[in-house]
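Trainee: Read off the chains here:
2 protein chains.
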Amino acid sequence: MLGIEEIGTYLPIGRISNYDRKSQFGIDDFFIEEKIGVRRVSVKSPEEETSDLCLSAFEDLQRRISLNKEEIEAVVVVTQNPDYNIPHTSAIVHGKLGLPSRCAAFDISLGCSGFVYALSVFQAFMAANGMKRGLLFTADPYSKVVDPQDKNTTLLFGDGAAVTLISEHPRFVTGRSTFGTLGSEYQKLICRDSTLFMNGRAIFNFAAKVVPDDLREMAAKNGIALEEIDRFLIHQGSKIIVDTIAAKLGLPAEKVPYATQDYGNTVSSTIPILLQNEFDGTARTIAICGFGVGLSWASSLLRRV
Amino acid sequence: MLGIEEIGTYLPIGRISNYDRKSQFGIDDFFIEEKIGVRRVSVKSPEEETSDLCLSAFEDLQRRISLNKEEIEAVVVVTQNPDYNIPHTSAIVHGKLGLPSRCAAFDISLGCSGFVYALSVFQAFMAANGMKRGLLFTADPYSKVVDPQDKNTTLLFGDGAAVTLISEHPRFVTGRSTFGTLGSEYQKLICRDSTLFMNGRAIFNFAAKVVPDDLREMAAKNGIALEEIDRFLIHQGSKIIVDTIAAKLGLPAEKVPYATQDYGNTVSSTIPILLQNEFDGTARTIAICGFGVGLSWASSLLRRV
Numbered sequence: 268m269l270g271i272e273e274i275g276t277y278l279p280i281g282r283i284s285n286y287d288r289k290s291q292f293g294i295d296d297f298f299i300e301e302k303i304g305v306r307r308v309s310v311k312s313p314e315e316e317t318s319d320l321c322l323s324a325f326e327d328l329q330r331r332i333s334l335n336k337e338e339i340e341a342v343v344v345v346t347q348n349p350d351y352n353i354p355h356t357s358a359i360v361h362g363k364l365g366l367p368s369r370c371a372a373f374d375i376s377l378g379c380s381g382f383v384y385a386l387s388v389f390q391a392f393m394a395a396n397g398m399k400r401g402l403l404f405t406a407d408p409y410s411k412v413v414d415p416q417d418k419n420t421t422l423l424f425g426d427g428a429a430v431t432l433i434s435e436h437p438r439f440v441t442g443r444s445t446f447g448t449l450g451s452e453y454q455k456l457i458c459r460d461s462t463l464f465m466n467g468r469a470i471f472n473f474a475a476k477v478v479p480d481d482l483r484e485m486a487a488k489n490g491i492a493l494e495e496i497d498r499f500l501i502h503q504g505s506k507i508i509v510d511t512i513a514a515k516l517g518l519p520a521e522k523v524p525y526a527t528q529d530y531g532n533t534v535s536s537t538i539p540i541l542l543q544n545e546f547d548g549t550a551r552t553i554a555i556c557g558f559g560v561g562l563s564w565a566s567s568l569l570r571r572v
Numbered sequence: 268m269l270g271i272e273e274i275g276t277y278l279p280i281g282r283i284s285n286y287d288r289k290s291q292f293g294i295d296d297f298f299i300e301e302k303i304g305v306r307r308v309s310v311k312s313p314e315e316e317t318s319d320l321c322l323s324a325f326e327d328l329q330r331r332i333s334l335n336k337e338e339i340e341a342v343v344v345v346t347q348n349p350d351y352n353i354p355h356t357s358a359i360v361h362g363k364l365g366l367p368s369r370c371a372a373f374d375i376s377l378g379c380s381g382f383v384y385a386l387s388v389f390q391a392f393m394a395a396n397g398m399k400r401g402l403l404f405t406a407d408p409y410s411k412v413v414d415p416q417d418k419n420t421t422l423l424f425g426d427g428a429a430v431t432l433i434s435e436h437p438r439f440v441t442g443r444s445t446f447g448t449l450g451s452e453y454q455k456l457i458c459r460d461s462t463l464f465m466n467g468r469a470i471f472n473f474a475a476k477v478v479p480d481d482l483r484e485m486a487a488k489n490g491i492a493l494e495e496i497d498r499f500l501i502h503q504g505s506k507i508i509v510d511t512i513a514a515k516l517g518l519p520a521e522k523v524p525y526a527t528q529d530y531g532n533t534v535s536s537t538i539p540i541l542l543q544n545e546f547d548g549t550a551r552t553i554a555i556c557g558f559g560v561g562l563s564w565a566s567s568l569l570r571r572v
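In order, the protein sequences belong to chains A and B. Just so it is clear: in the first sequence, position 134 is 401 by our numbering, and no numbers are missing. Just so it is clear: in the second sequence, position 286 is 553 by our numbering, and no numbers are missing.
Bound-form chain A, shown alone (with noise of 0.2 Å):
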């Protein structure tokens, strides 16, 4: 059965502290640490692409295992911010990592609900087509979208990769998912001329009121009470957001780790990131949970292998 058997992730070492911008901003280390939870975002360097940020997890990645690039058969990644909208980026990885002609390549568009979603859509690619390793990437560098005057998005967004490794020996395999859209709402968070708009109420409002009952809903689908998992990795979109789902499904603090004070929302990486902590962990079910643009959702179980 396939599952995840590795993860390699990348954090560019560039940072911008939001203590320096406390002034220009009008806030204060109360609204940095407990509303936002985030100190500094990672800034990738101007020449750094998004297929520069996919090989520097890849190396994390063979840091940690001992991998055969003849042998993957499958890349697929997960962006919004591609380095060209043609081609996908999984080609331009493909060819900079020198992997085989038998090896399919394609993107998914998808913010913050891109992981969850990709887990399911590739692994079911790869079982359907019979392939036994793939390399699901998760890269939105939004420093290339975000208006640095914009509070509602520079404070938040930072720019981050991970390469999940899809494979027959996993550590974890995908139970159950759920999947929802709020297409009306998609102007809630855009990209218009380059620059991002988020109407951070809004979508607040959203991911307390649709992630909760999405939780719930995914539980009862894989037969396991919420009480019963033994982690939660939301989707790191802020401090406050993650409180807030954590207090309304009444799961205590420890299980539901906020772990990006300082490198801040990563988009579709943060899921992925957070697991990464978790391989060497004792946790046996993880709830994953993913949402953001679109308005999208989703979110999974998984089990230790």
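Among these hints, one or two may not hold up.
No distinction is drawn between identical chains; accordingly, a pair holds when it is met within one copy or between any pair of copies.
Within a straight-line C-alpha distance of at most 20 Å, the following computed SDA-like cross-link-like pairs (lysine to any residue) qualify [said to hold, decoys possible]:
id, residue 1, residue 2
1, Lys476, Ile507
2, Lys476, Arg369
3, Lys289, Pro437
4, Lys476, Gly548
5, Lys363, Ser451
6, Lys411, Glu338
In short, the hints are calculated from the structure, not lab data.
Place chain B on chain A using the hints.
Mentor: Leaving out everything else, chain B in the frame of chain A:
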């Protein structure tokens, strides 16, 4: 078993005639009719967005079949010319169609191989998640990025869209597929600064070399001899590439339709537009093959139910 129940298509009424551009580009009737095989290219109106093309294809689908929108469980849009990069176009289509919130939505970024890929990706995703009815849109209006002064592209590409209804009441089911990528050559067909660049010679050579072998491999994978396949729906890149592939495989012309004389190469929509014509036909086995941007290619076999 999931498969293709019906197809809706849309070609905008706008046309640019290649006969009117003979002196501008130094081309003659033979070039227009026998080499590229495109007399006119279809052009959407400026205010028509990619999501609008999808909606028009959906209207055609509704004329062909009675459909309850509330039963749609998933929607995918294959495009590299989205309305916006953020959000995905499938969310906008979801909103404009008024689809239910319990509907998955994501975009796949692929070019001319997109339909063949998406059939596999989307059906596998739906099957893995127990979904019974989904919409697979292809809509990649290259008029957004084609330079009207560039002979290599402006004479070839036309705007169009298709929607393929995937359901448990299929008229065609998909067999085994093949996928390939030559990412090192990605710069041969690329959009920089909102302008498409194509090395036509390189793309032709690539397709002429890769596609015949891929179709042979796909046939073998499906346990069928090439001669037993009733129809070959080859991506309509140009007349000369379709003719060349057919000749290399020794296929009789009547098995390999070329039918884009009056609208041009509609990228990922060329195959579903051709396939719509087969619904009332007699072909029992239909090979499909897409190739282009990436560079990327994919083949599969459809069988009439």
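Trainee: Using 20 Å as the alpha-carbon threshold, which applies to Lys411 and Glu338: within, between, both, or neither?
Mentor: neither (33 Å within a copy, 38 Å between copies)
Trainee: Is the C-alpha distance from Lys476 to Arg369 at most 20 Å within one copy, between copies, in both cases, or in neither?
Mentor: between (44 Å within a copy, 15 Å between copies)
Trainee: Pop the pair Lys476 and Ile507 into one bin, within, between, both or neither, using alpha-carbon distances up to 20 Å.
Mentor: So Lys476 and Ile507 pass the 20 Å test inside one copy only (14 Å; across, 55 Å).
Trainee: When no copy is specified for Lys289 and Pro437, does a C-alpha distance of 20 Å or less occur within a copy, between copies, both, or neither?
Mentor: neither (45 Å within a copy, 59 Å between copies)
Trainee: Within, between, both or neither: how does the pair Lys363, Ser451 come out at a Cα-Cα threshold of 20 Å?
Mentor: between (38 Å within a copy, 7 Å between copies)
Trainee: With identical chains, the pair Lys476 and Gly548 could be close in the same copy or across copies; at 20 Å between alpha carbons, which is it: within, between, both, or neither?
Mentor: The answer is neither: 30 Å in one copy and 50 Å across copies each exceed 20 Å.
The earlier numbered hints that this structure contradicts are 3, 4 and 6.
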